[in-house]
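A.B. asks: Add chain B to chain A, keeping to what the hints say.
If you want the building blocks of each chain, they are given just below.
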Amino acid sequence: MDRSMAAPTPGARSLETRISVNLDRMAKTANAAIVGALIGSALLGYYVSFYFHFATVFFLLLNALNFYWRHLQSTHTLLANFGFLAQVRYLVESVGPEFRQYLFASDVEERPFSRNERAEVYRKAKGIDSSGAFGTQREFETGCITLRHSFFPVSKDELHPFRLTFGEERGLDTAFTIERPVIVSAMSFGALGSNAVRALARGAAKAGVPLNTGEGGHPKYPLMEKADLIFQMGTAKFGVRDADGRLDDAKLEALAATERVKMVEIKFSQGAKPGKGGLLPAEKISEEISELRGVPMGIDVVSPPRHPECSDTASTVSFIRRVQEVAGLPVGVKFCLGRDVELRALLREMKTQGVFPDYITVDGAEGGTGAAPKSFMDGLGLPVFESVPAVDSMLIEEGIRPKLKLLASGKLIDARRQLIAMSLGADACLTARGFMLALGCIQALQCNQNTCPVGITTHDPHLQRGLDIEAKSVRVANYVNGLSHDHQEMLAALGRCSAKELSPDNLYVRGIRKDTGSR
Amino acid sequence: MKNALLWVPRLAAAAILLTVGYAKLTASPPEVALFLELGMEPQGRIIIGVVEFTAGALLLSPQAATGALLAVAVMCGAIIAHVTVIGIDLRHSWLLLTVLTSALIVMYVRRADLPLVGRTFGRGTRSVP
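Read top to bottom, the protein sequences are chains A and B. For the numbering used here, add 1161 to where a residue sits in the first sequence, where the first one is 1. For the numbering used here, add 11 to where a residue sits in the second sequence, where the first one is 1.
For reference, chain A alone in the conformation it holds in the complex (with noise of 0.2 Å):
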């Protein structure tokens, strides 16, 4: 018989008597004292001092809220048999994550990011060594995916520069080429305060990254810096919406002609939400947002789950080819992977139109929000290092792969798992919270409640205070230039002289030992 079904023997029962803490009796005693020590500092006060009445007023509040606590209320049963001893529950448990992450949790067990590899971040924001020590901290034993060095690494000086220029492929004169793999992904002023939001642009800039704007509407922010914008058109088509939320082309039109905007995305979806479009409170949307968002204050702003204008595959790719029209400018399209027929017979309608939007942008499930339902987060889409791939090969099988380039964003923010993307067929990343962790995120996971301590997801003037736009802008420009470097130095280990040359053959997955064979 299995030893744990037995029953507990005499002695294990008297030992967990022993060591438990018998919660029932400790609440009765200190139930009783707190009544005794208002009748003890009240005759204090009376015969002795009347100091003691600051001791006899506050046992006799204590008792009248325990009073209440025991028997007047029925929402806390743990305050309703045990009194106040029981608020050391609430107490202790509201600082429960600040303990864990500080003293706790180990350095690479808290997700989404671990401390390990947010302090990588940290380091490369503030430009300084990054080298560790003694082998790493990863959990080697299962699911790993490394990259395979080559045998013959090549020297960093005969590596190429890296280039990808997005529109070519239709001979845009409005073709828009980027230098480094790296692109600020989504984030709105909305979701981040205006500071962030300006730190992040006028670090771009310094960087030459492009930053995509998210659904934040007209760019004002993102416009007073001069970086290159790629400018998001979500459900709502915050800022480029007519009364029924439907695309305004004239609106479009006027946007797309400023200088700084380089790119237009249509997001279909996101892999934190897939499937579903964003809820912006009455409560947030202050003058300047409705303003900005072309929406209107005071009731409540649902973004439909799906563009109104794109109901199957014909509508959908009209829709891309009037955008590409309406801006003149290279349009990319974003979304997370869901069923793989529904995108095969858009990427077949795509041809049958002879319209190609000028990038793709693949979204994983582990994406990041600023709101989301936590089941959308846990439970839909495909992760990128499973959607890419397929993405890559569907394009390939239809032939449409020279068409156009093809992105990849979900928790990238290390050029590890940047090149793993790059290697399983995206030409690029995006990365958004990287770019939160090197302003000085330090993932208080409180992005969706106008609090966040750091002055980064809030619009309180007080908490952004302390966000200072240029010193941060240094960081997110470090970031930057910390991931190049690796990217070099990885790149030349692996012996590929480009980014371009990069293949699922660069990949070792644990338990498939085979080679998954070049592209």
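Hints listed in this document are in silico derivations from the structure and should not be mistaken for laboratory results. Keep in mind that a hint or two might mislead.
[Claimed, not checked] Ranges of calculated distance between the beta carbons of each label pair, as one might list FRET restraints:
| no. | chain 1 | residue 1 | chain 2 | residue 2 | range |
| --- | --- | --- | --- | --- | --- |
| 1 | A | L1233 | B | N14 | 24 to 32 Å |
| 2 | B | N14 | A | Y1212 | 37 to 45 Å |
| 3 | A | E1449 | B | N14 | 22 to 30 Å |
| 4 | B | V96 | A | F1228 | 22 to 30 Å |
| 5 | A | N1609 | B | I97 | 52 to 60 Å |
| 6 | B | P53 | A | L1233 | 37 to 45 Å |
| 7 | B | L106 | A | A1216 | 18 to 26 Å |
| 8 | A | L1222 | B | N14 | 21 to 29 Å |
| 9 | B | L127 | A | S1447 | 28 to 36 Å |
| 10 | A | I1603 | B | L127 | 21 to 29 Å |
[Unchecked claim] Far from chain B, by Cβ distances over 10 Å, these chain A residues were calculated:
| no. | residue |
| --- | --- |
| 11 | A1191 |
| 12 | A1194 |
| 13 | V1196 |
| 14 | G1197 |
| 15 | A1266 |
| 16 | P1322 |
| 17 | A1404 |
| 18 | A1411 |
| 19 | R1421 |
| 20 | E1470 |
| 21 | R1483 |
| 22 | T1513 |
| 23 | P1550 |
| 24 | P1563 |
| 25 | G1627 |
| 26 | V1635 |
Glycine included, each C-beta is placed from N, C-alpha and C at the ideal position.
C.D. replies: Only chain B this time, still in chain A's reference frame:
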């Protein structure tokens, strides 16, 4: 509506608290006499004056619940003083009962804002985000 009406008890309690707090801090003769009787002159007078002044100021700020709690505490002390040492007189009783009732109303309406224990009162009107 509720928030606008709440200004009535907030203003009433704050006006009285700021006045009597000011009188205590500037050592007005009647206050000095009271605290001599309690055997707390001058430290007790200054401490109570500061608490009353703080409570009055907080009642006018977004932290009205904390101000109301302080006001209730000071008024409890005042009741003890009048019942056990000084004796009850009409003028003080009126002021005291006005502050106590007003502060209790504010504290009840804003109970969810109370420091530390506020969250155990469930869904009260939270004024501080």
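A.B. asks: Hints numbered earlier in the text: which of these fail when held up against the supplied structure?
C.D. replies: Result: no hint breaks.
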